[in-house]
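Model the placement of chain B on the given structure of chain A, informed by the hints.
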Amino acid sequence: MKASIMITCLGEMFFPEVGVAMVKLLRRLGVTVDFPPGQTCCGMPLFNSGYHHDAALVAARTVKLFAQAEHVVVPSGSCAWMVKTEYPGLLKDDPALRTQAEALARKTHELSQFLVEVLGVTTVASPFQGRVTYHDSCHLLRGLGESRHPRTLLQAVPGCELVELPGSDECCGFGGSFSVRLPEVSTAVLDKKLANVESTDAKCLVACDAGCLMQMGGGLTRRGSRVRALHLAQVLEPGEIA
Amino acid sequence: MSETQLRTPFPQRAHAALGDAHLQEALTIATTKFIGLRKESFAGYPAGEALRDRARAIKEATLQRLDQHLERLADNIERLGGHVHWAATGDEARDIILRLCRDRGVRMAVKSKSMATEEIDLNEALEAAGVKPVETDLGEYIIQLAHEKPSHIIAPAIHKTKGQVADLFSKELGGRFEADPEVLTAVARKELRQKFLEADMGITGANFAVAETGTIVLVTNEGNGRMVTSLPRIHVAVMGMEKVIPTMTDLMIFLSILARSATGQKLSSYTTLVRGPRQPGEVEGPEELHLILMDNGRMRQVAGTLREALYCLRCGACLNVCPVYRQIGGHAYGYTYPGPIGILLTAMLEGTGAVKDLAHASSLCGACKDVCPVRIDIPRMLVELREQVDREKIAPWGERMLFGLARRAMASSALFRLGARLGRLAQRPFVRNGRLQGLPFFFGQWTRTRDLPPVAARTFSERWKDLERP
Chain A
0 MKASIMITCL GEMFFPEVGV AMVKLLRRLG VTVDFPPGQT CCGMPLFNSG
50 YHHDAALVAA RTVKLFAQAE HVVVPSGSCA WMVKTEYPGL LKDDPALRTQ
100 AEALARKTHE LSQFLVEVLG VTTVASPFQG RVTYHDSCHL LRGLGESRHP
150 RTLLQAVPGC ELVELPGSDE CCGFGGSFSV RLPEVSTAVL DKKLANVEST
200 DAKCLVACDA GCLMQMGGGL TRRGSRVRAL HLAQVLEPGE IA
Chain B
0 MSETQLRTPF PQRAHAALGD AHLQEALTIA TTKFIGLRKE SFAGYPAGEA
50 LRDRARAIKE ATLQRLDQHL ERLADNIERL GGHVHWAATG DEARDIILRL
100 CRDRGVRMAV KSKSMATEEI DLNEALEAAG VKPVETDLGE YIIQLAHEKP
150 SHIIAPAIHK TKGQVADLFS KELGGRFEAD PEVLTAVARK ELRQKFLEAD
200 MGITGANFAV AETGTIVLVT NEGNGRMVTS LPRIHVAVMG MEKVIPTMTD
250 LMIFLSILAR SATGQKLSSY TTLVRGPRQP GEVEGPEELH LILMDNGRMR
300 QVAGTLREAL YCLRCGACLN VCPVYRQIGG HAYGYTYPGP IGILLTAMLE
350 GTGAVKDLAH ASSLCGACKD VCPVRIDIPR MLVELREQVD REKIAPWGER
400 MLFGLARRAM ASSALFRLGA RLGRLAQRPF VRNGRLQGLP FFFGQWTRTR
450 DLPPVAARTF SERWKDLERP
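These protein sequence lines map, in sequence, to chains A and B. Counted the way numbering that gives the first Met the number 0 counts, the first sequence spans residues 0 to 241. Counted the way numbering that gives the first Met the number 0 counts, the second sequence spans residues 0 to 469.
This is chain A alone, in the form it adopts within the complex (with noise of 0.2 Å):
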């Protein structure tokens, strides 16, 4: 099987440790990895903020940068969401585009989407160690519909005790523009959240989304707190913890 790496804008800038633990573990299971060129960003930013024209033309590229693409795997459940549905939506006048769109939406997965899903995999050897917790992204809890996938993998990993997080289906208080437009208001959402977290005596935070990622992680490097915050990709190739 083939797949094509969206490794998003902060994967690419901040976290390409996790796209390389994705890029190993998907070979590990056998599929035949690319990387289309030229990426740079879903344009959920613009989107967000109301630049629905800039957006279009944003999502117009990444439709044609992943044209031939078999397979697309994201290691963010936002990204994943606005490829798969404001894509099309975006790209509604152009029909031809339109058409091209909904195909990416069709392939598009979150990494534990498509190990389950499409590679059909529940049980992936890890080394890994240690008690983790699990944070549920909103795109990816509310928007994809995706709670059990990134569990049953964390549970599948022998030497990882998954403990449930107090009110994991709330927001981490990131939401993009707004973790800067109200700082206040989502460092108090954070805060929040953060307590849940120490609450499980975990060593390990982990989610399926880089927005999620660096606002919680951001947050308990600042208290000095011992929890890490890890992508699933991790921890199911936990070569790449630096």
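No incorrect hints appear here.
Only pairs whose alpha carbons sit at most 16 Å apart, straight line, appear in this in silico EDC-like list of lysine to aspartate or glutamate:
(1) Lys23(A) with Glu467(B)
(2) Lys191(A) with Glu24(B)
(3) Lys38(B) with Asp168(A)
(4) Lys23(A) with Asp465(B)
(5) Lys202(A) with Glu163(A)
(6) Lys368(B) with Asp168(A)
Read the hints as simulated data drawn from the structure, not as lab findings.
Frame of chain A; chain B shown alone:
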């Protein structure tokens, strides 16, 4: 909220709310309780999900023939001996009530909880006209004593702790009352009994009005709605035009999900059905019944971007789960309707300009849409409002410039890579223990409370070159 308070920018209003320890305590307790009760209620009600779909479909179908349903409602109410008034604006609705008060010598009006009357600042108008309004819902009674506005659609005094209510009652009513909800309720009940008997007019909102029967429906938990609609000689109900529903069967569907969404109850303690004024041979009920059908910005949205907001049942569930509302409470929003749905309703009533900041008071987490009994896609409409704010060029120029830059970088991988390289250079003075802190400009909004990961020494594209050659 007063004009002066509204002139304080929204982030500052939010800041004040975050620093209010009483508010934080009250909000956390109340919203957590509401969330749990709702969840439990629907968990034990397998039919609930399908009923939500049906309720949504009824709302949509009703909007498609709204004029017909409204005419039928009006005909039936008039046939029963009631009067129907059509108010295009809030001012008109207020004037109709004031005229009724003047013509009929009304000196005191008891009120059942109604957001529609809050929307038109009715109490202030009544007072100015020499009519004494008395709120009879306990929460509304509390905030009337405190000279405040509701901070939640169904729990108007949610922002107050019981200790604060005890202090308020002690000060305003004379006496020393302990912070025990039962004691405080008994105090209010005693105060209110006499008012019900003295009042000339009862003023209510309407949760629903059934077109086929001309029935006005009130959902309450205190029974005060029943007293307000039966003891005074005149009953006036103020209702947004979107609240009409076609049939009694429809009503049953809405009632089966409304209280569950609001408070986790199967039904509220009282469901009051009002059908016309007192009929010959009946021993109770008002001599006169007036229904005011109020537009006030609603009807232009039947074909507008906020159409779905007209489905709203005013259950308040979206407020309880909203991470922003749970942190700042209702008053910080600055308008009659707070929370996620409140932003949409404010845009409906006051125009897009009023919500240029509020449209961004959401992380778009989608929890509101998830709990909405009629599944209103609130996040989508918030994004559409942001789009309007952008199109009408009322967003700050600095922001528009920044997003213009972002768009260029996203449209060109060369620029995007250049951005990463520049970032790597510019960030050097700010790296501490491998994290970014103390960044300047708007980045500081982030790093004041959170670390930021630095732009990686090698981006994924750069590392891919090694991965390509295993």
